[in-house]
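Please build the complex by placing chain B on the supplied structure of chain A, with the hints as guidance.
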Amino acid sequence: MRRALLIAVPYVWLLALFMVPFFIVLKISLSDTALAIPPYTPTLDLSGGWAGIKDFFSQLDLENFVWLTEDDLYWKAYLSSVKIALISTVLTLIVGYPIAYAMARAPEEWRPTLMMLIILPFWTSFLIRVYAWMGILSNEGYLNQLLLWTGIISTPLTILNTNTAVYIGIVYTYLPFMILPIYSALERMDGSLIEAAEDLGCSRLQAFWLVTIPLSRPGIIAGCFLVMIPVIGEFVIPSLLGGSGTLMIGKVLWEEFFSNRDWPVASAVAVVLLLILVIPIVLFQRNQQKQTEAEK
Amino acid sequence: MNRLSWFNTVSLTLGFAFLYIPMVILIIFSFNESKLVTVWAGFSTKWYGELIQNQAFLDAAWVTLRVAVFSSTLATILGTAAAYVLVRSGRFFGRTLFSGMIYAPLVMPEVITGLSLLLLFIGIGLDRGILTIVLAHTTFSMCFVSVVVSSRLVTFDQSLEEAALDLGCSPAQAFRLVTLPIIAPAVISGWLLAFTLSLDDLVIASFTSGPSATTLPIKIFSAVRLGVSPEINALSTLMIAVVTVGVIAASLVTKRAMMRQRQDEQAAARTE
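These protein sequence lines map, in sequence, to chains A and B.
So for the first sequence, the numbering used here puts the first residue at 1; every next one is plus one.
So for the second sequence, the numbering used here puts the first residue at 1001; every next one is plus one.
It should be emphasised that the hints constitute simulated quantities derived from the structure, not laboratory data.
Heads up, a few of these hints could be off.
[As the list claims (entries may be wrong)] Once the Cα atoms are required to be at most 25 Å apart in a straight line, the calculated SDA-like pairs of lysine to any residue come out as:
# : chain 1 : residue 1 : chain 2 : residue 2
1 : B       : 1046      : A       : 140
2 : A       : 27        : B       : 1128
3 : A       : 290       : B       : 1151
4 : B       : 1046      : B       : 1023
5 : A       : 76        : A       : 91
6 : B       : 1046      : B       : 1024
7 : A       : 27        : B       : 1046
Fair warning: this is a prediction, and the values are worked out from it, not measured in the lab.
Pulled out of the complex, with its shape left as it was, chain A reads as follows (with noise of 0.2 Å):
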């Protein structure tokens, strides 16, 4: 009985909170938009019994799906979150790894600050760390400021509101998701398997190939995936950070629900992101689930 409602406490909050959300923002991407409150209709009204539901159903359609694919911004705006989002990923996961890797192999008793000193950019405001950037990349920031004096630009550079910035903004909020996997993967590892391999006549370079890469994959996928799927979806970076050529879908989904008020069509956008999420999000779940059967 108490172990019943230890379960369905938070299962029942997580249906009504978590999934039964999702059934209305399908729900109503499939509805058409109206100048009212709420600005869709029809809204389902369960006192016309089933003769009202029957005219609910009826009334809805694909409408603004296919304005999502008549429209060339949103399949562009797809396209390009994709790509902005793997690009980083790499770019994270090459800035990363070396920082998880000397953490890993640092003295033990430096182990716990280094850790704190990573988590701890982390627990500050996601939005005050993309606005530090603001006022480096600008044309009269200091990243300008420093190479105009040491000489090595005679005109600023443009930075901030391109790519660019979007790139380095990623890089910067999202590096202590990627090594925070890795290193407990490469912490994990036992060190004689690198003299192992030098023994057996491998370079450095192969060893670290052949021994540490493999070992440390479990963490390299969990990094990749906690950058890559929360960025595909990210406002705050494109919004402050990029210009007026990053196309970001989470900016469109905002702008089309915040500025046009067209509710139907930010919810198909939803939809629509959310099937594109739906592979990797149960890949990354499946790699979750086995790394923490691993451990038992």
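The following block gives chain B in isolation, referenced to the frame of chain A:
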């Protein structure tokens, strides 16, 4: 291996420089006299003075704090229960769906979570305000709590719980007297994580808040859209300071708790 190779030293130095320099610059320029944020014009704390007099920011901070306290506490209770169910309850109907609902919000884009919750609240006719933000924040942060707590639960020796049950504890007593003290550091860090996630959230709060309740991130975002301002630098510095002190204090507390636990375990091993 006791010393770092030069390659590892370089990657750590560059890595930490990359992580910390932007924030250090932000903090330094919050003490800048000039309104022009990129030109240094001498030390001053006047922006902090202006910040304290800005009623809109203070109101938003108060809303944010209340939301964070309520939602993180609720999320910790629900998330710990969920972790316990995931790790200990074995098979039950709909387990896959349950674990899917725990892991999916971790990576779900915030725009989708926010939009879907807003549509739910409007659908059931709930007025948007502090309550709706609390419900929304609880939902996504309980998943983070549950991941943190379940990682502690899987490494925990289940025979301790069984011993308590054998010695006559009811399951609830065994949880309260044995399990909870052992997983307490994870529960506390789960609460802290939920708390900062709630303090920090812009997107979900924007969807689920109404005109009656504006949170600090919403206020900051609308100010920041217009460009860099010294007042926001001052506000950011205060927030960074609070979080830094909190995290360091929390890590000292957990470190001490872990050391005490290890001592207890060693003492127990000796008396055996």
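To see whether the hints hold, each was checked on the structure:
Annotation: proposed proximity of residue 1046/B to residue 140/A holds, straight-line Cα distance about 23 Å (limit 25 Å). At most 25 Å may separate the alpha-carbon atoms for a hinted pair to count; residue 27/A and residue 1128/B meet this at roughly 21 Å. A distance of roughly 13 Å separates the Cα atoms of residue 290/A and residue 1151/B; the hinted pair therefore holds under the 25 Å criterion. Restraint check for residue 1046/B and residue 1023/B: the C-alpha separation of about 20 Å stays at or below 25 Å, so the hint holds.
A distance of roughly 22 Å separates the Cα atoms of residue 76/A and residue 91/A; the hinted pair therefore holds under the 25 Å criterion. Under the criterion of a C-alpha separation no larger than 25 Å, the hint pairing residue 1046/B with residue 1024/B is consistent with the structure, at around 19 Å. For the hint linking residue 27/A to residue 1046/B, the alpha-carbon distance of about 52 Å lies beyond 25 Å, and the restraint is violated.
Violated hints amount to a single one, hint 7; each of the other numbered hints is respected by the structure.
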